[in-house]
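Here the protein sequences line up with chains A, B, C and D, keeping their order.
First residue of the first sequence: 1, per the numbering used here; consecutive thereafter.
First residue of the second sequence: 278, per the numbering used here; consecutive thereafter.
First residue of the third sequence: 467, per the numbering used here; consecutive thereafter.
First residue of the fourth sequence: 895, per the numbering used here; consecutive thereafter.
Hints were generated in silico from the structure; no laboratory data involved.
No more than 25 Å apart at the CA atoms, straight line, and that leaves these computed lysine-lysine pairs for BS3-like:
1) A:K20 <-> C:K689
2) C:K537 <-> C:K593
3) B:K343 <-> B:K406
4) C:K739 <-> C:K593
5) C:K593 <-> C:K741
6) C:K739 <-> C:K537
7) C:K833 <-> C:K755
8) A:K255 <-> D:K993
9) C:K593 <-> C:K635
10) C:K689 <-> A:K10
11) C:K593 <-> C:K550
12) C:K550 <-> C:K739
13) C:K726 <-> B:K343
14) C:K550 <-> C:K741
15) D:K1146 <-> A:K10
16) C:K690 <-> A:K20
17) D:K1146 <-> C:K690
18) D:K1146 <-> D:K993
19) C:K537 <-> C:K810
20) C:K810 <-> C:K525
21) C:K689 <-> D:K1146
22) C:K537 <-> C:K741
23) B:K406 <-> C:K726
24) C:K537 <-> C:K525
25) C:K525 <-> C:K635
26) C:K689 <-> B:K457
27) B:K457 <-> C:K690
28) C:K550 <-> C:K537
29) A:K20 <-> D:K1146
30) A:K20 <-> A:K10
31) C:K593 <-> C:K810
32) A:K10 <-> C:K690
33) C:K593 <-> C:K525
Bear in mind that the values here come from a model prediction, so they are computed numbers and not experimental data.
So you can see what is in the structure, the chains are spelled out below.
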Amino acid sequence: MNLNDLAILKVSGLSPQAIKWSRTLDVLIVIVAAFLIWAVSHISFLLLGGDWDFFIDWKDRQYWILIIPITTITMAAAFQAIFWNLFRLPVGATASLLLLLVGTWIVRYHSWQGLAFFPISLVVPGTCLMGALVLDAVLVLSRSWLVTGAFGAVLYGLLFYPSNWIYMAGYFQPVQNMGDMTSVADLIGYTFPRAGTPEYIRIIERGTLRTFGDTPTWVSAFFSAFACIFLYYLFWGLGVLACNSRFFPVGDRFKSIYGGKSGAADSEPALKPGVPS
Amino acid sequence: MLAARLMKRLGGPLLGLALSGAAQAHGGLAIDSDMCKLRLGPFNMHFTGYQPEINGNREFCEDIPKLGHTIVVMDAIEPELREMPIEVRIIRDTGDESRLDAVTVVHLPPKTYMSGSVPFEYSFTTPGKFVGLVTAGDQGQYVSRFPFSVGIPPQHYGHYLLFLGVAVLALGLYRYSGTKRRRLMAGRA
Amino acid sequence: MSLRNRWGLRAGLVQLSVLLTLLGSLLPTPAAAHGERATEPYIRTRTVHWYDVTWSSQKINVSDTVTVEGKFHLFTDWPDAATKPELAFLSNASPGAVMTRVESYINGMPAQQSVRQLEIGRDYSFKLVMRGRIPGRWHLHPVLNVHGAGPIVGPGHWVDVAGSAADFKVPVTTMTGEVIDDLQHYGVARVQWWQAGYALLAIAWIVWWIRRPLIVPRWNAIKKGREDLLVTRTDDRVAAGLLVVVLVVVIAGYRYTTQKYEYVVPLQAGSFKTKPLPQESPVVTVELKDATYDVPGRSLRLDVEITNQSGSPLRVGEFSTANLRFINQSLDVALAGVDPSFPKDLVPGSGLRISDDSPVAPGETRKLRLEATDAAWETERLVSFLTNVDSRVGGMLFFFDGGGQRHMAEVSGPIVPVFTQLRLAEKS
Amino acid sequence: MSTHVVSSVPSPQVSSAAAGRSMFNFVPVAIGWGLLLAVYASYRLYQGAFAFEYGLDATSPEFARYWMTLFKVEVPLIFGSGLCIWTYLWFTRDRDVAKIDAETELRRYFSLVAWFMMYTFSFLWIASFFGEGDATWHQTVIRDTALTPSHIVVFYACVPLYIVFGVSSLLYATTRIPAFARGYSVPLIMAVLGPGLILPNLGFNEWGHAFWMTEEIFSHPLHWGFPILGWTGLALGGLFIQVVGRMAELFKEVGGPASDAA
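Could you put the whole structure together from the sequences, leaning on the hints where they help?
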């Protein structure tokens, strides 16, 4: 408990007993929040951009680099908005991406390898975790979602490719298979067959017209960064929207059934939405 | 020459734009609209270096990054060059070219290349600076001297610029958070 | 413990799961089919007809290879609901990567990528070399995935893989000279080390924030307008430091990697084309006059009119559709055509009964009644062509001439369910 | 789960007495998690043993014995037990919820958070563990029925389980806590109804696969109903305001004045 903590507790006006209770509540809320962030981030990413993250032979220069940041910044921005607006806690983005990474690795071992015997090299996931850290850091420094969208979201989109290329480059070395030149990633995809995934189903780069060295990857990265800005603002708004605490107006019958209206005509209005701007 | 090299080095990685070649006084290699060229009097030849085992079909101009098996191909741009005998000699850049044979590394006797392309290969064992001497024409009237380096890792100043950019961004945001903090405190007081 | 055992824990789990789901445990017989029974009958009878399919062996050890080869014919009367085979991919149907693919060819061309513009009405040869990886009893089918029509599954045969999965390795040497000892684990440790590093940084950042009085105290502090307490100056420094660390690590790591792996290629996505096998000039024309399916009798009856345009007498040897082969039992050369190792459940015992089995003389036109009777029509759920949008049936007829030469012809047309014809079946 | 709450609480005592007893009992939550973990682990082991063995061909007798029976057993079992919990919560509701004292209300808020711990835990298992497990099944096996071994576990076991806990949380809140008894809280409804709609969304999903798309691309627009319904989980933000806001006031009321020594 450093000085800052004591100052916060003093300002909060809680008795020593209440402080203990509030610490218990902290632990419970962290658990609930962790489960929920993990679940929502995983199901959201799974069905919006999952395929590119499942297989190594889907990680191309056009769609993988574009789609993964776009589909993950959604929940990162929303959870960031909730925890920043309510408690000034800039951990929403990092928690979302970290828990997504943990969840993904669990499934890669339990299901892809455990159930269907796929080697892990076929199903290594990428991650936008470094982008999420930058998103949170810029939010702390700028304290404004506008600046975070402009700087943080751009870096989020740009950082995905280099931060994952560090450990994915080896999979794109050339190798010969049946006389043709192919990449190690294609060879892995070919060697370990997937009945439900024929080769033509891959939505990957089917031809580039202007290749100047490895710039097509950076073209996709910049486009992704550009799209991340708008998605960041859109889902930050959704996060703020989710912090509304209105009640449906209900008649007296409802209240009497639920025992809410026992005799005292409590006309106390619902809780004021305490959402600071 | 140095200006061209520096300009290319500084500009290249950061902006990724192809720089127009600086004035090449006497046939030095220069990037001209993304083509590495050497001048032979009124004519030009296109210079390309490959190191297939190391980096496949990547093309190099004046600095061949690694040691080992290297293939260089020079393609005649103007058709007249195809009818002239062309002699190629690669020498180690030791400064004195009095006894050429001592420092010669590769020598192609004069010969006309109908296909217009002059390939040669050599396995460079020690890094260092080399000079290419290409003479064309019946009396060898067109001479081109182009220095190039092998195995000397190019200094990428550009990337240090990137790190500098990171520092500037972080510092800027940090100072911005200070002003935001002061405005917040002032608002509250 | 091998992969399967580590997760399967077969002994413990059978009792546990049975206890939990209150099931009696009867001894099951292994399922022979794998999902192809659900494919619509018009796809199984009028798209791809597999023939001359052989499996090199039924018993292999881990790392040994097994080869499935044969030919397939693309039916002219391709159903409308399935898209034409503009884009197809030769694959195999097996549960997960229990067997790995070593080589696959269509007409001798390497088929790692998809094949484009297969011609309807023509034939192609295929070859699929697989390698045993996980011990077990696996059903190996060739499959032609057609874009828009889904997987069209060929005949399947059991392959027993013995040995232990741990011995399986896929060594590869890249063109840049890097020797990979096992493709299954290549690069995984590197990914995990780097991502663990990223995760540690993230955990540190999260713990830095949640170790302080969190929910109600910060809520009250905001209510009282004391936000300045919640994000202190040190937090700004930590955030700026984090930003620098992340960017420097990524830039330095990326630069090092691009230098280490200079020569990289993007994912290969081209498709290939191949000419079909040479087509012999039509030797016999077959016209379907009437097709009926006797529902109680489980018998498909085709009244066809055959014209022998070849120089030598022809006899009907085999009728094949949906991977089922009805052989004319009385024609030895047809019986010889069935490889002894061909899966028994795909060759119905009753075979093909022909109203007039005498050879059709050259130039002669004859009406014939072909009867294919077997329970397989039901068990393979092929009878749902009677209750489907497109109630047409199709199949391949194989004729044998005097010299034992085999000729093929397609037969297809509408089909009508019949319930009264039981007596006729015994008579003729 | 919430038995100790129902006993009628003695008249409000001096807050110092409340100081002794702890506000939150972790044991019921631990038991709940343990049970759920056992159920999920045995489902996974069951899949491990019988999914590829007998689950590949929906027409085979083994499929009927091992998988259809499981389907016919689990759906009534889970929704049945859910019904029991709901009716229990309903009939033991507090008829006079507006009259409870601050300490009981605070204790009930802690119990509500306990219910959320169960609800989010069960939602996590389908969204992450079995959800991507379904992707493994689709990518490796030829789809031949809507009731694949993976769907029988994901949609007809895990989804009903979290619906049980979702509706229980909703019922607990509306029958025990004054703020929620006065009206339906928008975020609470969103957080319970949204994920609950994932089950009917299956209809759209199967319609698409039956008529329209035979090859399995997991991030195909046909599947986008699931993540969008998953986003309703963001209503956690609104719940925070309602729950934390009220608890902050109760902490002051029950906890007594902040002693200056702190």
